[in-house]
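Undergrad: First to last, the sequence lines map onto chains A and B. Using this note's numbering, the first residue of the first sequence is number 1, and each one after it goes up by one. Using this note's numbering, the first residue of the second sequence is number 113, and each one after it goes up by one.
Quick caveat, the hints were computed from the structure, so don't treat them as lab data. Source: prediction; values computed, not measured. Careful, some of the hints might be misleading.
Claimed, not checked - Heads up, incomplete: computed chain A residues facing chain B, CB under 7 Å, no partners named:
1) A8
2) A15
3) Y30
4) H36
5) A38
6) F42
7) L61
8) G89
9) W90
10) W92
11) V98
12) M99
Claimed, not checked - Quick list of in silico lysine to any residue cross-link-like pairs, SDA-like style, CA-CA up to 20 Å:
13) K201(B) - S81(A)
14) K201(B) - V122(B)
15) K209(B) - G161(B)
16) K50(A) - A38(A)
17) K209(B) - R191(B)
18) K209(B) - S140(B)
19) K50(A) - E185(B)
20) K209(B) - L173(B)
21) K209(B) - I181(B)
22) K201(B) - F110(A)
23) K209(B) - A62(A)
24) K209(B) - K147(B)
25) K50(A) - P184(B)
26) K209(B) - V192(B)
27) K209(B) - E51(A)
28) K201(B) - E80(A)
29) K209(B) - C103(A)
30) K209(B) - F110(A)
31) K201(B) - Y104(A)
32) K209(B) - Y104(A)
33) K209(B) - K50(A)
34) K209(B) - A101(A)
35) K201(B) - K50(A)
36) K209(B) - V194(B)
In this text, a Cβ means the ideal position worked out from N, Cα and C, and glycines have one as well.
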Amino acid sequence: MTPPRSFAAFSIVFAVVYAIAYVIAVEQNYALFTYHPAISEFGAGVQQPKEGPAMYWYGWLATAGIAAFLAGVLAALLPESVTRRLWPGWTWVVALAVMVAFCYILRIYFLR
Amino acid sequence: MNTTTLLLIVHGLLAVALLGAITHQAVSVWVPARKPAGSFVGRFRAVPGTSYVNAIIVLYLLTFMLGGIIYPEYRVEARVVVEQMGLWKQTGAFELKEHFAAVGLGILPAYWHYWRQPLAGEHDRTRALLTATIAFIVWWNFLVGHILNNIRGFGS
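Just chain A, same shape as in the assembly:
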């Protein structure tokens, strides 16, 4: 399968925006939806726990996925003269930076 040339731009921007949007979604709790596992119920947006814990992880994934997909599509529409300047290394640099950021955000678990 041969993807279009613009897929390179899509994949770079998708990786970068996804990682950044995900960490922001987690930190600010921008979950697209909430899952209540104890009662197997989904709810739109961020909801308070009902009869057990509320799970936002799926909602964070959806928020980041949509933001990254839209940004990636926009990047793919840009002229090649612009997208050629995108450094592919941002894909792993931003992913690793976000992973380090999560270690910092969750440090309380390891310092108790």
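Given the structure of chain A, go ahead and fit chain B onto it with the hints provided.
TA: Showing chain B alone in chain A's frame:
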């Protein structure tokens, strides 16, 4: 055996396959065999990394999806117990697992793109570092998953 246990076992088996594939590929990229391999380690390093790409992506997605399906059971049943036991480092390690897995998901399109045939020489470093990032995530998640799964001992 209930459905969650069955799915957890399948999740674990898929993770083993993914671990093997990504480790093979990462080793073949970072310490490639320079001459025909005779030893086990030499043959391990000599595999063609490109042949693993699609399998790694499919295995990552399947393992991720199964993990996502059984995650609510962990959240309701297991995590409460782990917290009551005061095992905060283990709880934190699992929190990192869920976030690392999510971050890995985001780099899969780029990983696929930069491993596409014919391999572009100018993207060797990107390819190697994307592979290393995914390998780290897979190893972390595999080990943490096992630690959490076995935390109360077999059969308890």
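Undergrad: Give a verdict on every hint.
TA: Results of checking the hints against the structure:
The closest approach between the C-beta of A8(A) and any C-beta of chain B is roughly 6 Å, which is under the 7 Å cut-off, so the hint is satisfied. Residue-level restraint check for A15(A) holds (minimum Cβ-Cβ distance to chain B is 5 Å; threshold 7 Å). Hint status for Y30(A): violated, given a least beta-carbon distance of 14 Å to chain B, over 7 Å. A cut of 7 Å between beta carbons decides the hint on H36(A): the least distance to chain B is about 9 Å, and the hint is violated.
At a threshold of 7 Å, the smallest CB-CB gap from A38(A) to chain B is about 6 Å, leaving the interface hint in force. The interface hint given for F42(A) is violated, since its Cβ lies 11 Å from the closest Cβ of chain B, which is over the 7 Å cut-off. A distance limit of 7 Å between C-beta atoms decides the matter here; for L61(A) the minimum to chain B is near 6 Å, and the interface restraint holds. For G89(A), the suggested interface contact is upheld, since its CB lies about 6 Å from the closest CB of chain B, less than 7 Å.
The interface hint given for W90(A) is broken, as the beta carbon of that residue sits about 9 Å from the closest beta carbon of chain B, more than 7 Å. For the restraint placing W92(A) at the interface with chain B, the shortest Cβ-Cβ distance is roughly 4 Å, inside the 7 Å limit, so the hint holds. Nearest Cβ of chain B to the Cβ of V98(A): about 6 Å, under the 7 Å cut. The hint holds. At a threshold of 7 Å, the smallest CB-CB gap from M99(A) to chain B is about 6 Å, leaving the interface hint in force.
The hinted pair formed by K201(B) and S81(A) fails the criterion: a straight-line CA distance of about 48 Å is larger than 20 Å. Using a Cα cut-off of 20 Å, the hinted pair K201(B) and V122(B) is violated, with the two alpha carbons roughly 26 Å apart. With a C-alpha separation of about 25 Å, the suggested pair K209(B) and G161(B) falls outside the 20 Å cut-off, and the hint is violated. Of the supplied pair hints, the one linking K50(A) and A38(A) holds, its CA atoms being roughly 8 Å apart against a limit of 20 Å.
Between the alpha carbons of K209(B) and R191(B) the distance comes to roughly 14 Å, so the proposed pair stays at or under 20 Å and holds. A C-alpha spacing of about 25 Å is found between K209(B) and S140(B), which places the hinted pair above 20 Å, so the restraint is violated. With a CA separation close to 16 Å, the supplied pair K50(A) and E185(B) stays within the 20 Å bound. With a C-alpha separation of about 15 Å, the suggested pair K209(B) and L173(B) falls inside the 20 Å cut-off, and the hint holds.
A C-alpha spacing of about 15 Å is found between K209(B) and I181(B), which places the hinted pair at or below 20 Å, so the restraint holds. Simply put, K201(B) and F110(A) have alpha-carbon atoms about 5 Å apart, close enough for the 20 Å limit, and the pair holds. With a C-alpha separation of about 18 Å, the suggested pairing of K209(B) with A62(A) holds against the 20 Å cut-off. With a C-alpha separation of about 38 Å, the suggested pair K209(B) and K147(B) falls outside the 20 Å cut-off, and the hint is violated.
Restraint check for K50(A) and P184(B): the C-alpha separation of about 14 Å stays at or below 20 Å, so the hint holds. Straight-line distance between C-alpha atoms of K209(B) and V192(B) comes to about 17 Å, which keeps the hinted pair within the 20 Å bound. For a cut-off of 20 Å, the pair hint linking K209(B) to E51(A) is broken: about 26 Å separates their Cα positions. Distance restraint check for K201(B) and E80(A): the Cα-Cα separation of roughly 47 Å exceeds the 20 Å cut-off, and the hinted pair is therefore not satisfied.
Of the pairs offered as hints, the one joining K209(B) and C103(A) holds, with about 11 Å between alpha carbons and a cut-off of 20 Å not exceeded. The suggested pairing of K209(B) with F110(A) holds, with an alpha-carbon distance near 14 Å, which does not exceed 20 Å. Proposed proximity of K201(B) and Y104(A) is supported: the alpha carbons are some 13 Å apart, at most 20 Å. Taking the CA atoms of K209(B) and Y104(A), the gap is about 14 Å. The hint holds against a cut of 20 Å.
Note on K209(B) and K50(A): the hinted pairing is violated, with a Cα-Cα distance of about 25 Å set against a maximum of 20 Å. Between K209(B) and A101(A) the CA atoms are separated by roughly 13 Å; this keeps the pair inside 20 Å, and the hint holds. Distance restraint check for K201(B) and K50(A): the Cα-Cα separation of roughly 27 Å exceeds the 20 Å cut-off, and the hinted pair is therefore not satisfied. This hinted pair checks out: K209(B) and V194(B) have alpha carbons roughly 15 Å apart, not beyond 20 Å.
Checked against the numbered hints given earlier, this structure breaks hints 3, 4, 6, 9, 13, 14, 15, 18, 24, 27, 28, 33 and 35; the rest are met.
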